[in-house]
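Those protein sequence lines, which keep their order, are chains A and B.
To convert, note that position 9 of the first sequence is 9 in our numbering; the numbers rise steadily by one, no gaps.
To convert, note that position 111 of the second sequence is 111 in our numbering; the numbers rise steadily by one, no gaps.
In case anyone wonders, no lab produced these hints; they're calculated from the structure.
For glycine and all other residues, C-beta sits at the position ideal for the given N, C-alpha and C.
Hints are not guaranteed to be accurate.
[Said to hold, decoys possible] Partner residues aside, some chain B positions facing chain A, computed with beta carbon under 8 angstroms:
1) 103
2) 170
3) 173
4) 306
5) 317
6) 331
[To be verified] Counterexamples of contact, computed for chain B against chain A with all Cβ distances above 12 angstroms:
7) 2
8) 56
9) 69
10) 105
11) 284
12) 307
13) 312
14) 313
15) 321
[As the list claims (entries may be wrong)] Below, a list of computed lysine to any residue pairs in the SDA-like style, where the Cα atoms sit at most 20 angstroms apart:
16) A:235 - B:334
17) B:20 - A:140
18) A:191 - B:289
19) A:289 - B:198
20) B:310 - A:191
21) A:231 - B:211
22) A:324 - B:24
23) B:326 - A:83
24) B:23 - A:237
25) B:310 - A:323
26) A:196 - B:333
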Amino acid sequence: ASTLVLAEHEAGFIKAASVSAVVAANSVSKDNSISVLLAGSGPSLQEAAAHAASCHPSVSQVLVADSEKFTYPLAEPWAKLVHLVQQRGGYSHIIAPSGSFGKNILPRAAALLGVSPVTDVIEILESNLFIRPIYAGNALCTVRNTGVDPCMMTIRSISFPVPPTSANSKSNVSPISQVDLSTFSEDSVGKSRYVKQTSQNTERPDLGNARVVVTGGRGLKSAENFKMLEKLAEKLGAAVGATRAAVDQGFVPNDLQVGQTGKIVAPELYMAFGVSGAIQHLAGMRDSKVIVAVNKDADAPIFQVADYGLVGDLFEVIPELLEKLPEKK
Amino acid sequence: MKIMVAIKRVVDYAVKIRVKSDKTGVETQNVKMSMNPFCEIALEEALRIKESGLASEVVAVTMGPAQSVDTLRTGLAMGADRGIHVESTGALYPLSVAKLLKALVEVEKPGLLILGKQVFLNASIREVGFVFLPVKLHCIVAWRLRILCGSVTFCHSRFPVKAIDDDCNQTGQMVAGLLGWPQGTFASKVVLDKENRVATVEREVDGGLETLSLDLPAVITLIESPNTLSNIRCNVQGVYDSYTILILLIFKIGTDKAECTDLRLNHPRYATLPNIMKAKSKVIKKFTPQELNVEIQSDLEVVQVTEPPKRKAGVMVSSVDELIDKLKNEAHII
């Protein structure tokens, strides 16, 4: 087997989710040769390529497409690039992380290559046998890909955690080669242009990758009260999340939403305050290692998934936690 | 202008999904099947556009096995002028659906193709020249606004948005790829500039919002506004089996019927008895995928569907002190 991983990079590093895609590629088969494809322009691309070359011991080569067409990760040139690279490399698998980058690009590239992609793979059983959640994670579907190569998929990065050591292993640095773009087709490239990006506040850890997440639900009652939760998050070095109900009430912006329709998270510690535990919310956090729930309703469904449940008034519990929790460095 | 509406037969939105004991899928036997609620909304919207004099004909399209014709008859009874049935017994995946849609658009040349969850303005209305794809309600609103105002703007203030992706989230990108049109996925705001034939799309990406400028025609897939759906637990799924095509939408709408009606931007009409009788004589044209020169690829085979592993039962603690103690000394997490 040979696998092409579509990687996303930022500020000279390939993103953690893309390294997860390499981990996923590694479970496709034992003798899998893994190529990481990066596209962009300028020095930060070359730095990211160097990072990619040593990000995981199983990477066998890094392919770099350096052109102004790829300065921003637009779907149109990227899909063409994947098509071009696939035609030359004949990979058996193409994998991308299922964030906004992968979900945007991979299906388009799949249409150009005439294959049906598999979305949101959480487990790779064999080289063509995958598990993906359906019905908001209420059922798991095992699918077999019986189509022609390449087998294309997006993977849920939380299901393919990156072993902490591999990130630093400098022992195995794989070769980096530039993609020859002389035959790059210009069709439908240039029809889309990047204008700008506005980023959210980055002081706290990113919700998707945080080790600890504290989430508030409708029980928080107001945007003002969410500040209390933010204090707790600061103390724990945690990211703040919210339920759909809290977002709908306008307590917090929608990018904090955890759940089927928001972010899917799997931190080591997930603390839910005033969260009832709607099935759509559970879908976004059920893979967390330790779940703590605080709710004054003892019958709230969140307690069914919680490792530690505390029935109580969060307006008393949160201040007490703030007072008693050990200080993070 | 001709409007094509794709409608589909799905497990009724009120049915609670159960995994079959033999693990072959989810229970569809003895389960109420209905027209996808979003398809009803789409069809209703098409009928209203026609009634307002902006369209001359509404054509209902469905894809799937012979039973799908029932859904088509319902659509005709609601008021569609004629039907098209693409008969296919196997599973239809987004790639095939995208190809069939492309082919049907080429045959019928509709001015507007609305899919339950997806609205698709095709190239034959070049003066508009944009495509809304996996969208749900918003693009229908957008379409209505466009008719009223001549342009569409999705404002964060009025329509704060949130992604509800279906489980697959592929069809829009794939149709865009097949047509060679630019794409703007997960759009939360779309501003059209008809003069320069450009759409400015603000889209949600990991960690922020990205703004793109797309030449028209383009495929724009929207994300959903929670405010129109506030307090409604809405659950959108993509499930592909022999009975379902495109995207199966299942709403878990709580228990309150009133909430359910809030969800809908229009209220799809009921088919009256005279209309049901009339629908029987309306024409349903049958196509096979071969006639449309589309080869159905069933590249993905569902091996089994299982319940997810249950979490082990947790413990209840009685105080904050006990909680901190457990987290420290049992879970070793803080």
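To see whether the hints hold, each was checked on the structure:
{"no.": "1", "hint": "103", "result": "14 angstroms, violated"}
{"no.": "2", "hint": "170", "result": "4 angstroms, holds"}
{"no.": "3", "hint": "173", "result": "4 angstroms, holds"}
{"no.": "4", "hint": "306", "result": "5 angstroms, holds"}
{"no.": "5", "hint": "317", "result": "5 angstroms, holds"}
{"no.": "6", "hint": "331", "result": "5 angstroms, holds"}
{"no.": "7", "hint": "2", "result": "26 angstroms, holds"}
{"no.": "8", "hint": "56", "result": "31 angstroms, holds"}
{"no.": "9", "hint": "69", "result": "26 angstroms, holds"}
{"no.": "10", "hint": "105", "result": "15 angstroms, holds"}
{"no.": "11", "hint": "284", "result": "28 angstroms, holds"}
{"no.": "12", "hint": "307", "result": "6 angstroms, violated"}
{"no.": "13", "hint": "312", "result": "8 angstroms, violated"}
{"no.": "14", "hint": "313", "result": "8 angstroms, violated"}
{"no.": "15", "hint": "321", "result": "7 angstroms, violated"}
{"no.": "16", "hint": "A:235 - B:334", "result": "11 angstroms, holds"}
{"no.": "17", "hint": "B:20 - A:140", "result": "12 angstroms, holds"}
{"no.": "18", "hint": "A:191 - B:289", "result": "31 angstroms, violated"}
{"no.": "19", "hint": "A:289 - B:198", "result": "47 angstroms, violated"}
{"no.": "20", "hint": "B:310 - A:191", "result": "48 angstroms, violated"}
{"no.": "21", "hint": "A:231 - B:211", "result": "32 angstroms, violated"}
{"no.": "22", "hint": "A:324 - B:24", "result": "51 angstroms, violated"}
{"no.": "23", "hint": "B:326 - A:83", "result": "52 angstroms, violated"}
{"no.": "24", "hint": "B:23 - A:237", "result": "42 angstroms, violated"}
{"no.": "25", "hint": "B:310 - A:323", "result": "34 angstroms, violated"}
{"no.": "26", "hint": "A:196 - B:333", "result": "39 angstroms, violated"}
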